[in-house]
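As you go down the protein sequences, you meet chains A and B in turn. Under numbering that gives the first Met the number 0, think of the first position of the first sequence as 0, with each following residue one higher. Under numbering that gives the first Met the number 0, think of the first position of the second sequence as 0, with each following residue one higher.
Heads up, a few of these hints could be off.
Quick partial rundown of chain B residues pointing at chain A, CB under 10 Å, derived from the structure [unchecked claim]:
hint: 1; residue: Gly57
hint: 2; residue: Val60
hint: 3; residue: Pro97
hint: 4; residue: Ser118
hint: 5; residue: Pro123
hint: 6; residue: Lys183
hint: 7; residue: Lys268
If you are wondering where the hints come from, they were derived from the structure by calculation, not from laboratory data. Note that the structure is a prediction, hence the values are computed from the model and not measured. All C-beta atoms in this analysis are idealised placements derived from N, C-alpha and C, irrespective of residue type, glycine included.
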Amino acid sequence: MDQQGMVTKTADLNLEILLSHAIGDADALVALYRQAGHRAEGAGRTDEACFFFTQAYVYALEAGDAGRANALKATLISYGREQ
Amino acid sequence: MKPLDHTTLARVMGPVQQANGLPNGFYTDPEIFEAERKAVFEKTWSCIGFAHDVPGPGDAVPIDFLGKPLLMLRDREGSVRVFENVCRHRGMKLVDAPTRIKGVIRCPYHSWCYGLDGSLRATPHVGGVGQNTDPSVDRDLLGLFEVRSTEWMGIMFVNLSGDAPEFKEHAGPMIERWAEFDGKPLFHGGPGSSFSLTVNTNWKLAVENYCESYHLPWVHPGLNSYSKLEDHYNIVEEGAYSGQGTTVYNPQLDPSGHKFPDFEGLSDKWETAAEYVALYPNVLLGVHRDHTFAIHLDPVGVGTTVERVELFYTAEGVAGEDWASLRDKNAAAWREVFEEDIFVVEGMQQGRHSRSFDGGRFSPAMDEATHCFHKWIAERFAEA
Chain A
0 MDQQGMVTKT ADLNLEILLS HAIGDADALV ALYRQAGHRA EGAGRTDEAC FFFTQAYVYA
60 LEAGDAGRAN ALKATLISYG REQ
Chain B
0 MKPLDHTTLA RVMGPVQQAN GLPNGFYTDP EIFEAERKAV FEKTWSCIGF AHDVPGPGDA
60 VPIDFLGKPL LMLRDREGSV RVFENVCRHR GMKLVDAPTR IKGVIRCPYH SWCYGLDGSL
120 RATPHVGGVG QNTDPSVDRD LLGLFEVRST EWMGIMFVNL SGDAPEFKEH AGPMIERWAE
180 FDGKPLFHGG PGSSFSLTVN TNWKLAVENY CESYHLPWVH PGLNSYSKLE DHYNIVEEGA
240 YSGQGTTVYN PQLDPSGHKF PDFEGLSDKW ETAAEYVALY PNVLLGVHRD HTFAIHLDPV
300 GVGTTVERVE LFYTAEGVAG EDWASLRDKN AAAWREVFEE DIFVVEGMQQ GRHSRSFDGG
360 RFSPAMDEAT HCFHKWIAER FAEA
């Protein structure tokens, strides 16, 4: 991880996601999937980015994290992926 | 004998002096049990649990009601609602254990998400990877199936068929009888005021035994020692409820002579009276000046019933530590009474496998309440 708590390598990010699924850490899943989404977005891979943003959005909804859910929903709407 | 032919039903529905009880098949035949599910439990207002099962917003409990998966939850506004516990996508059961829902109900299969109001909030990847909408999936039309439900005296009732008269009509005579208790706040006594008994009997035998006082001197000699058979009266309201009342009720006292506070504003009748009534089909109620109880009869099988007993008090403070000892004493006293009934309802269930028993003969003086219940059941089948 870097100083902002971001997972720096893709392989590490995937591992973190798997670990968070294993322990049911919804808060971490929101953060990790969102980070993966931004990474794919930065690389111009929109479908992949929206996959990850969707994953983050669902876990934010489940956790009752309205702030992050609304932000992720807005991102997805901007890509025409959510209503 | 064909248990469901109209001649048989007419014999049950006749005057108590001539009537036979319900035939054996109503207690032992899985096919009739299945028919009963539709004719009795789905078509009317049935008890499925208690509002305090979901004390806070977001609390949710899955309920298996006669094989139907239901989900009872408390929404953000504080209302208890009941939904079918099934995702509108592929029919996956949504919630499989009691939980507190922080945000939405997420289906564990493909993560379609529902609000506590049942609305479909998210359909991830439904239009392809990262595409969460699809023209053929109209979220407004795909909310959870809500089940008609209502709360009364802390008890949750549902009408699965959706076409029963309003609950206030169904239970109107009962509500009217106990108008002095209706609307008064009830406070559940906490974990010690809750217990369940799994009994090897058909649920109807639990109703029948509860309805009548005839058995008290024989089965409950302790109870009968202060509230004697002659102190009791029959309670019969055709088509609605039946039970028994007593003119002698002595509140529980702690070692210092303290007793639970009474409900406010009761008439003089309740100084000494108590009443025990079966609100058809599957809830047994008791009211006293200082507490009430309700028994949810869960018909888990044709010959198996779970009796869930919950005790309620008149003030929030009674649920506190100061009253714990007296609450426990009261719960233990009722538990003893209800356990005394087990050999009777299980014995009648065994007797219902007799080749020759024809439903039995009623005592017109003592079994009026039981006959009222049999007649109500027979009417449900006759109408089906």
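Okay, the hints, checked on the actual structure:
1. Gly57: Given a least distance of 8 Å, the restraint on B/Gly57 holds.
2. Val60: 18 Å, violated
3. Pro97: 16 Å, violated
4. Ser118: 12 Å, violated
5. Pro123: 5 Å, holds
6. Lys183: Violated: closest Cβ of chain A sits about 34 Å from B/Lys183, beyond 10 Å.
7. Lys268: Since chain A brings no Cβ nearer than about 49 Å to B/Lys268, farther than 10 Å, the hint is violated.
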